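Peer 1: These protein sequence lines are chains A and B, in that order.
Count along the first sequence from 1, then add 4; that gives the number in the numbering used here.
Count along the second sequence from 1, then add 4; that gives the number in the numbering used here.
It is worth saying that the hints were derived from the structure and are not from the lab.
A quick note: this is a predicted structure, and the numbers were derived from the prediction, not measured.
No distinction is drawn between identical chains; accordingly, a pair holds when it is met within one copy or between any pair of copies.
Below, computed lysine to aspartate or glutamate pairings styled on DMTMM-like, alpha-carbon distance capped at 20 Å:
#1 Lys29 to Asp401
#2 Lys98 to Glu75
#3 Lys32 to Asp369
#4 Lys32 to Glu371
#5 Lys29 to Asp369
#6 Lys39 to Asp401
#7 Lys32 to Asp401
#8 Lys49 to Glu59
#9 Lys164 to Asp217
2 protein chains.
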Amino acid sequence: MDIKFSDMNRMFRPRSVAVIGASDKRTKLGFHVMKSLTKGGFRGKIIPINPGSEEIMGLKTYPSITELPFEIDLAIVVLPAKMVPAIFKECLAKGVQGIVLITAGFKEIDDPMGADLHEQLAEIVNEPNVPVIGPNTFGMINLHANLNASFTPEFSLLQKGVIGLVSQSGGMCHLLSFLAVRDDIGFSKIVGIGNRLNVDFPEMVDYMMQDPDTEVIALYMEGTDEARRLIETTKAHKGKKRIIAYKTGVGDIGDQASRSHTGSLAGRREIYSGAFSQAGILGLDSVEELLDTAKAMAVSPLPKGPGLAVLSSQAGPGIAGADICQVAGLRVAPFSRKTQERIDEILPPLALRVNPVDMGPAWYDSEATVGILRAVMGDENVSGILLFMMFASANVDSVKGLSFLLKESNQTKPLLTCISAPPGIWDEQVKRYEQAGVLVNFPTPERAARVMINLNRYRDLVK
Amino acid sequence: MDIKFSDMNRMFRPRSVAVIGASDKRTKLGFHVMKSLTKGGFRGKIIPINPGSEEIMGLKTYPSITELPFEIDLAIVVLPAKMVPAIFKECLAKGVQGIVLITAGFKEIDDPMGADLHEQLAEIVNEPNVPVIGPNTFGMINLHANLNASFTPEFSLLQKGVIGLVSQSGGMCHLLSFLAVRDDIGFSKIVGIGNRLNVDFPEMVDYMMQDPDTEVIALYMEGTDEARRLIETTKAHKGKKRIIAYKTGVGDIGDQASRSHTGSLAGRREIYSGAFSQAGILGLDSVEELLDTAKAMAVSPLPKGPGLAVLSSQAGPGIAGADICQVAGLRVAPFSRKTQERIDEILPPLALRVNPVDMGPAWYDSEATVGILRAVMGDENVSGILLFMMFASANVDSVKGLSFLLKESNQTKPLLTCISAPPGIWDEQVKRYEQAGVLVNFPTPERAARVMINLNRYRDLVK
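Same shape as in the complex, but just chain A:
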């Protein structure tokens, strides 16, 4: 098998899509796939295939793919497993460039018929080298092409962005996306690789590495029989794009469940962990950490060294952030003399003016906050900045000054923040800063600190 970027790209940017098993019944996946395509804004041709219908969602429906009077780039298949081999043959005869096979019931089931079917399908597609996403998947989404080739129309609520997600679990893709919709985190592509007929992690990593819309590659992994090939593929692209992974299936329970889920044993995390490091993949420990880190990776420069400034409008969050970073080996280091002198000019003597800085006394004074931030940004001892500010109506003025970032920031050092306020106060402003890429905001100081640690870990991995 030898699925390359050029093969895959035809599938992710199709001119026409056929839905084999399209339906107008809400209880059928073929209904939801049609809704995803039609509501998702796809500009190419959408062709429902169903011998029992003449029209689905206002679109002319054909009895089979073989009888279509035009070419099909992508076929999405949502028919029962045992019908799929015949359908695949029809697809190939028609010259489709790729298939998304949503149907479950292949090698993840106990019945050996499932594994047999899987092998049959592999034989059918491998010689002509047609890439297949699935089986046993929700599908895939290419947001930049407005292509929602999945049974979940709500993926189209996501913003276009630079994070490419490849996942062995549809549940995790849904969860990550729902969280991302709420937080305005954008994606390039989301791909549920399911049972991986011929498109596995190595193929997807290779594709995403060459995909101009993707800057950060995020993997959710339970287990793969292709671990060695994944590592080799990643090494070949090492340092080209940032790549992070969350791997589950650490205990024997999870491991066993993973086998039943998509047909692969998960394997011990320790083994993966070492291999990940070698290959320049940053291993992470939860859905939240994967999303937080991806979000920062998408816009932040990497810190050049472990020196860190912690600036907080209230001492408590600063202490919490400094704690975590120090335990992880970052240096909440003394500022340069010039920086310290500048801060001493700005803050009164009763303030905690050394790193971590308690900017409390500058509460009402946005000039002071800006002055401190500027001084610290220029300090050669500082490679990354954590900035924490809790706002309410009493001190809302002091965040205004941050708008200087929109003009001045040269983005040579990561600025990770926890700027928090009650609903309505400054939410929009903080979003604006985020969208401009001048800071990355997190709901708690600990989560911001954890991501700063991860940016440092990643720098060490790829240096």
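Given chain A, put chain B in place with the hints provided.
Peer 2: Below, chain B alone, put in the same frame as chain A:
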């Protein structure tokens, strides 16, 4: 010093409140305190004190507390530090029952004048035994009395609930509250103890243990000189109410910052950790974990044993949750024969029907989900249930059945969930289940799992 529940209760449920240093200028804290009181819905008398004003926010303003023609239960003081001793004397002469001293600039500053002032104040209030919250605090809030005695009006956005928060950091109280407002988590009281003139953690724990509005006591702690007394106080109430704590200041940087923050060295977390366990206080590691755990503690029964059921509509989240719990020593154990037979009737053979259960094949069938949940709830091998469901339009019907919980659940086992969906789909329904106390929902499976582990840890602490 001997501040007891009866002394404190007069302050938390005052009939009249004087704001000494009230202002109608937005740049003054005295303005925001007035706004908090007036907008917070406090039904008692609010009296602004300011010799330069006749009226503030429509309320008659008096030049000093001594000249008032009526009694004052609570005085809130927002004047510069050096004026405070004289004001305290006036307050005592007037017979106030408690003081919230917002002013900073006491023993947290380098200048020895600060420590001197602190001692002066202590001498003034200690003999008459008048409790003082602060100095160096944002104040305190008693939501059940609609009393917002702080400089942050937005605390009044919080719902009334059973969690009492005592914190050494105002920043952390603000952060926790802003997160809680978004997630509809209710509080009874929020108290920023600041520099702790005579009300420290032991006094507040003793008070909250007797406070009928509080069921869960949450502490944020940097350091206290009263650690031994806190442990003794907590032990004396052990098992009466649930009590959890987040302690920062683990590294030397955080420790030093903590001293500068509220005048106490933080001390090593390990020492606290052991003492916490002895006293039946559950130690936690982040703001998010504190809030997540408090939220569950407020409504959930404790699991009777380590046996855990993991039910997931999609395998991935179930694997992630099972992993974490197993590593922490919980048992994702085989079901009883009766339960397993019932599940085998409900789910087709191709499903993963053992614990952790992949309910995927029951996607469209809310009866199936309910049947499995009921069977597991009645299983003697199961003491706690993790339920994960990712919803989108294709499978939204299957959550409907959960409404049986509203009628039937006897709440003998904790049910922690990650029910996630795009905005608009089922959010309200999940909130309704939460408000009825039949489940506790979290944004990710890992956070739900972490809380299940914490409920188990807590059971072991207090058994």
